[in-house]
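Engineer: Take a look at the letters that make up each chain.
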Amino acid sequence: MPVIVFASPKGGAGKTTSAFLLATELANRNMNVTIIDADPNHPIDNWMKRGGLTDNLHIMTNDNEDSILDDIDNAANQSDFVIVDLEGTANIAVVYAIASADLVIVPSQRSTLDAGEAAKAFALVKDQTRVTKREIPVALLLTRTSPAIRSKGLNRMLESLGANKIASFIVEINEREAFKAVFDHTCTLAQLEHAQVSGLEKARKNAAEFAAEAIQKLGSLQSKKPKKVKGAT
Amino acid sequence: MSNTEKNPVDPFAGINLDEYKASPRKKKTAVNKPPPDKDAMKAIAEQNDFQSRQAAPKKQKIVPKTFSLFQEDCSIINDVLKAYLENPDEGLSQPSGSDIVRAALHILAEKPKREQVALVKEHRGRGRR
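Respectively, the protein sequence lines represent chains W and S. Sequential numbering from 1 applies to the first sequence in the working numbering. Sequential numbering from 234 applies to the second sequence in the working numbering.
It should be emphasised that the hints constitute simulated quantities derived from the structure, not laboratory data. Glycine included, each C-beta is placed from N, C-alpha and C at the ideal position. Heads up, a few of these hints could be off.
To be verified - Label-pair ranges, simulated between beta-carbon atoms:
#1 S:Asp306 to W:Asn64: 32 to 40 Å
#2 S:Lys294 to W:Ser160: 49 to 57 Å
#3 W:Glu201 to S:Gly247: 18 to 26 Å
#4 S:Leu341 to W:Asn64: 36 to 44 Å
#5 W:Gln196 to S:Ala246: 22 to 30 Å
#6 S:Ala289 to W:Asn77: 31 to 39 Å
As the list claims (entries may be wrong) - Computed list of lysine-lysine pairs in DSSO-like fashion (alpha-carbon distance at most 27 Å, straight line):
#7 W:Lys205 to W:Lys152
#8 S:Lys254 to W:Lys217
#9 S:Lys344 to W:Lys133
#10 W:Lys217 to W:Lys133
#11 S:Lys354 to W:Lys126
#12 S:Lys315 to W:Lys133
#13 W:Lys180 to W:Lys217
#14 W:Lys205 to S:Lys275
#15 S:Lys298 to S:Lys354
#16 W:Lys217 to W:Lys126
#17 W:Lys120 to S:Lys275
#18 W:Lys126 to S:Lys298
#19 S:Lys354 to S:Lys344
#20 W:Lys120 to S:Lys271
Excised from the complex, chain W in its bound form (with noise of 0.2 Å):
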């Protein structure tokens, strides 16, 4: 089944925040969803030892490069989506995990250096496209983006992304109070309730059009013969 791997060298660029928003919406959606928590302080797997709890969703952890492709082969096999939270450095284990992946969402802050860090992921999944013989989509998630403004900032960095012709989510997880509660709250966004965080609905909605986003890029993947680069046998 599908795996999606959250990739970037760069630790705050929003990975596990985007991950559980994914993952928690479509195991709200009533699909069977398995996230391997690979990131060594295992935020999301913390989130369920303090009691975090929902239908559809298991969680492993992974603390051995060796074993991550394993670790990913046997979710797959038993989930209807395999989502892969990484560490935020350039370690091997990033390096199995894109792979394995069928989208990989590189999520970065707008800043310069997110955005120098994405392009080091970027440019391996570009290498890693000649190892594995097959193409891996890859698009940049932008994150922690405000909702009422648009900087000049992060304008200049979205047609430079165009020029580069680097392919970024339409969506942007923007600056939520509702996306830290679910840590805070042990929770996921369908459980939280109006008192305990303002602006619930935009970050519900918000998440939604993420997930909605990343399964049409999938799907829109899923569609075409998958496409053998060069050297391929």
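With chain W held as given, fit chain S onto it using these hints.
Structural biologist: Coordinates of chain S only, in the frame set by chain W:
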């Protein structure tokens, strides 16, 4: 508040998630994934400055093989060295103790197997006889 906000359109409208429902008999993946070539992946990773975070395997301690000699054995070596030094006509640089042991080993190698075993037994170290 606009009408759309009151009755928001589901972003998943038009998406058939059932397509992704795992069937125990039918496994659906986006593409046919060839078996991973971990070595090639590692090489690419290192080119891109992606490093392993696994602890490097502990280096095995190398235990040097030593050969012990007794005083009487050392005396033989010293006597040979002495004899060599007393005979400057040889015109060669001073040999080492190892040269003498090597010479003795070559002599031993020329002996028949049975005699080799007998000699080893005869000169075995204390406590191993």
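Engineer: Work down the list of hints and note, for each, if the structure agrees.
Structural biologist: Results of checking the hints against the structure:
At about 53 Å, the CB distance of aspartate 306 of chain S to asparagine 64 of chain W disagrees with the hint of 32 to 40 Å. Restraint check, lysine 294 of chain S to serine 160 of chain W: a C-beta distance of roughly 54 Å satisfies the suggested window 49 to 57 Å. Separated by about 21 Å at the C-beta atoms, glutamate 201 of chain W and glycine 247 of chain S satisfy the suggested range of 18 to 26 Å. A hinted range of 36 to 44 Å is violated for the C-beta pair leucine 341 of chain S and asparagine 64 of chain W, which are about 52 Å apart.
Under the hint 22 to 30 Å, the C-beta atoms of glutamine 196 of chain W and alanine 246 of chain S, about 28 Å apart, fit the expected range. For alanine 289 of chain S and asparagine 77 of chain W, the Cβ-Cβ distance of about 32 Å falls inside the hinted range of 31 to 39 Å, so the restraint holds. Distance hint between lysine 205 of chain W and lysine 152 of chain W is fulfilled; the C-alpha atoms sit about 25 Å from each other, no more than 27 Å. Only pairs whose Cα atoms come within 27 Å are accepted, and lysine 254 of chain S paired with lysine 217 of chain W is accepted, the gap being roughly 17 Å.
Distance check on the hinted pair: lysine 344 of chain S and lysine 133 of chain W sit about 63 Å apart at the alpha-carbon level, beyond 27 Å; violated. Restraint check for lysine 217 of chain W and lysine 133 of chain W: the C-alpha separation of about 20 Å stays at or below 27 Å, so the hint holds. Under the criterion of a C-alpha separation no larger than 27 Å, the hint pairing lysine 354 of chain S with lysine 126 of chain W is inconsistent with the structure, at around 68 Å. For the suggested pair lysine 315 of chain S and lysine 133 of chain W, the alpha carbons sit about 72 Å apart, so the restraint of at most 27 Å is broken.
With a C-alpha separation of about 26 Å, the suggested pairing of lysine 180 of chain W with lysine 217 of chain W holds against the 27 Å cut-off. Straight-line distance between C-alpha atoms of lysine 205 of chain W and lysine 275 of chain S comes to about 40 Å, which puts the hinted pair past the 27 Å bound. Under the criterion of a C-alpha separation no larger than 27 Å, the hint pairing lysine 298 of chain S with lysine 354 of chain S is consistent with the structure, at around 21 Å. Proximity of lysine 217 of chain W to lysine 126 of chain W is assessed by CA-CA distance (about 18 Å); at most 27 Å being required, the pair is judged to hold.
Under the criterion of a C-alpha separation no larger than 27 Å, the hint pairing lysine 120 of chain W with lysine 275 of chain S is consistent with the structure, at around 16 Å. Distance check on the hinted pair: lysine 126 of chain W and lysine 298 of chain S sit about 50 Å apart at the alpha-carbon level, beyond 27 Å; violated. Taking the CA atoms of lysine 354 of chain S and lysine 344 of chain S, the gap is about 14 Å. The hint holds against a cut of 27 Å. For the suggested pair lysine 120 of chain W and lysine 271 of chain S, the alpha carbons sit about 20 Å apart, so the restraint of at most 27 Å is met.
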